[in-house]
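Enquirer: Line order of the protein sequences matches chains H and W. Number 81 in my numbering belongs to position 81 of the first sequence; there are no gaps in the numbering. Number 1 in my numbering belongs to position 1 of the second sequence; there are no gaps in the numbering.
Calculated directly from the structure, the hints in this document are not laboratory data. Don't be surprised by glycine CBs; every beta carbon is placed ideally from N, CA and C. Worth double-checking, as some hints may not be accurate.
One side only, chain W facing chain H, incomplete, derived with CB under 10 Å [claimed, not checked]:
1. G24
2. L31
3. G49
4. T52
5. A59
6. S221
7. E222
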Amino acid sequence: MKILLTGATGYIGSAILKMLSEQPVQVVALSRDSGKVPPYKNTTAVACDLTNPDSLDKFLWDCDHVIHNAGYAKMYSSDPSKFYKLNVEGTRFLLERSIELEITKLIHVSTCGVTGYLSDLLVNELMPRMTPFTTDYDMSKSIGEHLVLQYALRGLPVNIVRLPRVYGPGNLTLGGSLTRFIKRSRDRGWNIIPGDGSSIGSYAFSEDVANGIFKALSYGKQGAIYNLGGANVSYNTLFDILSFVSGKQIKTFRIKGSLLNTAAYLIECQNKYLNTNYSLTRALASKLNSNNSIDSSAAKSELGYQITDLDTGFLKTLKWLDHEKY
Amino acid sequence: MKNINGKLNSESRMAALVTGASTGLGRFLALECAKRDFDLVLVALPNTGLQTVKDVLAASYKIDIHTIETDLSIEENILGIKSYCYENNITINFLINNAGIGFETAFHSLSANFCTKLIDVNIKATVLITRLFISDLQRQSKSYILNISSLASYTAMPYKSIYAASKSFIRCFTTALRTELKHTGVEVTTLCPGPIATNDEMRLRINSHGLLSRLACYDSSEIASLAISRALSGGSTFTPGIINKFNRFLMFILPELLQQKILDGLYASAGQDKPVIMREKMKAA
């Protein structure tokens with residue numbers, strides 16, 4: 001079995017690639033810079049930019065499955081068209097070629113952000129989005145999902161997996177910000193948390209997510225969307241667990257929502273006038289300050305998706321960070 | 001003699017017994033003991049994550065860790081802990097009675113079953129475990145007991161009625177024990193902490209009591225580290241934090257009538273009809 005993986009050098013991509021390297025499969029790892037792909041035995045690293053996809057067919061033609069993980073994953077960019085170019089047009093091109101070349105399963109990696117905040121509900125896959133999109137990233141991913149479902153109707157076997165905040169081993173690129181946040185908190189012994197620290201987030205372990213994606217290849221029902229969520233806990237609980245696992249006292253400073261918003265606004269101004277690219281926008285601030293509990297029960301029952309508890313996940317992450325000397 | 005890990009045999013190693021060790025303050029007390037190179041016997045209710053606590057500690061510290069998942073409200077189970085230690089040749093040097101049940105609601109809305117359970121765990125289990133291990137502790141040149149009471153033990157607390165009373169029991173009992181054992185090698189310490197944010201629900205409850213309560217609130221990790229240092233240096237009764245110390249002082253000087261009036265105002269919301277919060281403080285009921 002041969003699998004094409006896009007975005008192989010990203011944070012999630014590297015976790016998927018590592019998981020695939022332990023499976024009895026052949027992998028074609030696509031990225032813009034093939035030199036960054038680790039030399040796994042079953043992996044062929046190739047360079048291909050999905051926004052300029054002339055060369056895709058020669059890698060895709062003999063693949064059975066596709067894991068489409070590539071995406072422009074940032075909270076802010078001074079050039080919003082980048083989001084749509086990769087997350088929408090790149091996806092469209094890959095879907096078009098996949099249906100043409102009769103790919104037997106395509107997994108589209110998306111984000112829980114497409115549903116967004118739903119009034120403190122435990123969010124499952126069937127719930128519609130009720131609030132306007134606040135970031136181009138979420139919007140472009142949502143359009144990407146709609147494209148995937150259109151191709152599903154045309155007969156392409158697909159699954160969409162939605163990821164929450166992911167931590168754990170992986171290439172600490174932009175997507176690994178939560179892992180860096182954990183490391184920074186541990187190293188400094190303090191960190192800032194939004195609001196009173198009671199907002200719930202979903203925190204998934206990168207190895208769980210990678211396994212979930214692999215399971216979706218075999219067990220995903222045609223056209224189904226699966227939340228690959230994690231432990232739904234508050235910032236307070238998160239830091240309590242981190243203190244315990246790291247054996248260090250970690251001080252938390254709570255920043256009022258309004259203050260965080262003001263800071264985010266100033267950063268937006270700086271982004272606009274000084275052409276910087278910081279991610280802390282007001283959209284992100286409000287996201288961090290609202291409850292985002294994710295219901296993963298469909299993935300658990302249909303895919304056999306398993307969630308590592310945070311204690312164990314943090315322990316593995318910290319050991320990995322120390323070992324890799326990040 | 002060395003065992004397979006190349007460590008000294010358990011006879012020459014220090015061992016701590018921590019009850020209610022799966023969550024909240026308990027697991028941080030276990031962590032602090034692990035940092036100080038104590039072997040551990042951890043006790044908690046079944047299915048409360050004790051195995052995870054063991055796994056995390058075992059990954060970072062080279063100590064022997066035993067876990068006993070049991071319900072301390074049943075007498076035989078407590079005897080079972082003693083026999084487990086005996087059979088496994090573990091000599092306890094540091095006894096930490098941490099397991100306890102708390103609540104915040106009107107007395108009439110508590111079930112009779114819950115009331116008995118609270119007394120069984122907070123009072124009976126603490127006394128019984130201390131009694132069962134006291135001769136072992138006395139036999140050693142240096143040993144320690146740390147009992148967890150509460151700031152609530154200094155006064156009668158409306159809406160925490162039997163909880164505060166049970167903690168008063170622990171404080172009085174432990175202080176008496178300290179005096180009795182003054183000339184032996186057993187150091188006895190009472191911890192009387194103010195509010196501790198052991199979980200989301202506790203934090204919510206603490207925050208609902210206003211700014212002073214919020215400022216007086218500590219994380220489990222801070223309290224645990226202070227408490228273990230205090231116990232090992234042979235300190236007596238101990239309340240961490242300046243605001244909590246001040247509150248304790250107020251409870252000494254204010255007339256009871258005034259105290260009750262203040263507390264009634266502070267906790268009145270707990271008396272209103274709302275679902276009973278019966279969060280076991282250390283999940284050891």
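Enquirer: Hint by hint, note whether the structure agrees.
Expert: Structure-based check of all given hints:
no.: 1; hint: G24; verdict: holds (9 Å)
no.: 2; hint: L31; verdict: holds (6 Å)
no.: 3; hint: G49; verdict: holds (8 Å)
no.: 4; hint: T52; verdict: holds (5 Å)
no.: 5; hint: A59; verdict: holds (6 Å)
no.: 6; hint: S221; verdict: holds (4 Å)
no.: 7; hint: E222; verdict: holds (6 Å)
No hint from the list above goes unmet by this structure.
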